[in-house]
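A.B. asks: What follows is each chain in one-letter form.
There are 2 protein chains.
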Amino acid sequence: MSVKVGVIGGGQLARMMIPAAVNLGLDIRVFAENAGSPSALAATAVGDYRNIEDVLRFAREVDVVTFDHEHVPQEVLRELVAQGVALHPGPDALLYAQDKLVMRQKLSELGVPIPEWARVDSVGELDMFLSTNGGVAVVKTPRGGYDGKGVRIVRSGEDVADWFEHVGALLVEELVDFRRELAQSVARNPSGEIVAWPLVESVQRDGVCAEVIAPAPHSAGKIADVADDIARTIAEGLGVTGVLAVELFETTDARLLVNELAMRPHNTGHWTIDGSTTSQFEQHLRAALDLPLGATGVHQPWSVMVNILGGPVGQPMETRYVGAMGDFPTAKIHNYGKESLPGRKVGHVTVIGDDLDDACFVARAAAAHFE
Amino acid sequence: MSVKVGVIGGGQLARMMIPAAVNLGLDIRVFAENAGSPSALAATAVGDYRNIEDVLRFAREVDVVTFDHEHVPQEVLRELVAQGVALHPGPDALLYAQDKLVMRQKLSELGVPIPEWARVDSVGELDMFLSTNGGVAVVKTPRGGYDGKGVRIVRSGEDVADWFEHVGALLVEELVDFRRELAQSVARNPSGEIVAWPLVESVQRDGVCAEVIAPAPHSAGKIADVADDIARTIAEGLGVTGVLAVELFETTDARLLVNELAMRPHNTGHWTIDGSTTSQFEQHLRAALDLPLGATGVHQPWSVMVNILGGPVGQPMETRYVGAMGDFPTAKIHNYGKESLPGRKVGHVTVIGDDLDDACFVARAAAAHFE
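Protein chains in written order, with numbering that gives the first Met the number 0: chain H, 0 to 370; chain G, 0 to 370.
If you're looking for bench data, these hints aren't it; they were derived computationally from the structure.
Among these hints, one or two may not hold up.
No copy labels: a pair is met if it fits in one copy or bridges any two.
[Claimed, not checked] With a cut-off of at most 30 Å between alpha-carbon atoms, the simulated DSS-like pairs for lysine-lysine come out as follows:
| no. | residue 1 | residue 2 |
| --- | --- | --- |
| 1 | LYS148 | LYS344 |
| 2 | LYS105 | LYS221 |
| 3 | LYS344 | LYS3 |
| 4 | LYS344 | LYS221 |
| 5 | LYS337 | LYS148 |
Turn these sequences into a full structure, and let the hints steer you where they fit.
C.D. replies: Below is the structure:
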């Protein structure tokens, strides 16, 4: 009887959709890569998301399909659509999240502010870009990068000669002189309704999101409006359905430039579970089902989310609960049920309150119990 | 690897523990009465909770056992304990929630304010109580009552002659002249830590909780302290582990009297999911595992929860989502995944905010979409 939502991918993003689905009485089903995935509780299929037959068998049993990640190949996505499966986001939108060259081209056409960029096919072309952009730049593989992987800072085309050989065309961008990194999340449903959460600041360490402050300090007024405009323009222009997270640079000369996009709930939006009227996970499900979107107000003036990166192997987060919970009763602890490996995101802590310094301290100190 | 919590009973209370368990990375497993229960997602066993063998088989696979309801017979509970199963709450505490005569006797001993009461074994004894208590009283069957069942207002012993015949000893209480009904929830862990949520007001219709306002209006100061004291005294005195909800009468002469107890998450605490730092469901799991308890502060000055009673058969709540969500984007809708039957609790709506009138209006109007 109830509405069935299928999620391809069994990581922590699918896992965090489970509470939202339970609250709304939705029958959530996950297509996971392996049996012990973070979303095993709701996994009804285990398989390879590149296998059209397996994915199709899963998709036929649900009312709508959405995603834990953007890696499902276009040929699989397009076959699902051809077979009448409702996909949100759809293949056309997902292509922009899968291929950074296609994304940069589209954002240029939409007039969205982005770093100087070019497609380069050879060491020589890259050297040319470097010579007109200060001698240093960022090179990215168009596909498959995440959390700092597939990204290099280069001073010579030779620095990525191996990528030209194995990957082919690359994306080169100016090395942006930025003050800080921000992120703007919005959600859009197929009817075209768009809602935005507050602009947030994300602090990266070693290319991985370490903590998020919502809203971004000193972001009232113009800067929030600009970020909101950018994200709405992208959501509409790319036809995104579901949650869209736009990672932004705030430059030292006070401009916002789009860095990356994610068409799914995103690490910079985890604070919404505890800090906003509607979490990004509930919103993603509402959008995928073309339901009216929920309010995005905040419970308290500040929310601070700190990632927990895996500590010693064989010491699951649960073994530290007595200390962390005893010291910090306001900390909301999220445990993804993943085996702890050094540097792996295994959970996060969110603290909300009316004092930013206090929320930061408590969130960081609680998270430190697990590292 | 992860911590395994077993819940006996597959109703909406077990269901609402699932999101809390997912967030904390706990492996929650439910022993349900039937396959299509509200907590089917986490059900690993289906059986009769009165069957010692079935319950024991389930309990041996988990680290701790707790409950969706208080109906597991004492002989089953005591056999579990004898077999080394960790039960929270335990049999001694649960007895007070199972037998109202035993509960009234214990509360009298603890000096907790309760209505005038007596155990009556015959029509004649009840008539005697009536003659010294204004000619009208409330009679309750000691066991098995809930949501107004097993309760009668009587003016003559003959009004419950059938119960004397079939049930035996009954509890009779003065008919309390009350201004309103309040509820005080606390949680206690086996180490003895106790935390309290704010005192709330509950509005009953036809013996069933219809809505809850947190905190209870006009409850700052003395009345909140008295309620807090009462609930802590009971939690300690009865050795409760987990959540304890104490239903209270606020009398017209400004006293608080204990009406009923529940040793589990309770309808009057559903607002905590959306309105408090720690929900009663997370707290119940923390207490059952003897983890430090979470903070019980509120996100906003007011939280209003309105129950959704089943409307027309064959019209699940999902069919009304477009209207309800479109009109009320701040409403948090909870759907228990139960078949809709007239008068059956199938879900609830919570709205939080800084204006009580507005929160009441929105919560009631959103809930009305489903009835």
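A.B. asks: Does each hint hold? Answer for all of them.
C.D. replies: So, going through the hints one by one against the coordinates:
1. Taking CA atoms no more than 30 Å apart as the test, LYS148 paired with LYS344 passes inside one copy only; the shortest distance there is 15 Å, against 50 Å between copies.
2. In this assembly of identical chains, LYS105 and LYS221 lie within 30 Å of each other by CA distance solely inside one copy; the values are 25 Å within and 64 Å between copies.
3. Taking the shortest Cα distances, LYS344 and LYS3 sit within 30 Å of each other both inside one copy (29 Å) and across copies (22 Å).
4. Taking the closest pair of Cα atoms, LYS344 and LYS221 never come within 30 Å of each other, the shortest separation being 34 Å inside a single copy and 47 Å across copies.
5. Only within a single protomer do LYS337 and LYS148 lie at most 30 Å apart by alpha-carbon distance; the minimum there is 21 Å, versus 46 Å between protomers.
When held up to the earlier numbered hints, the structure conflicts with hint 4 and nothing else.
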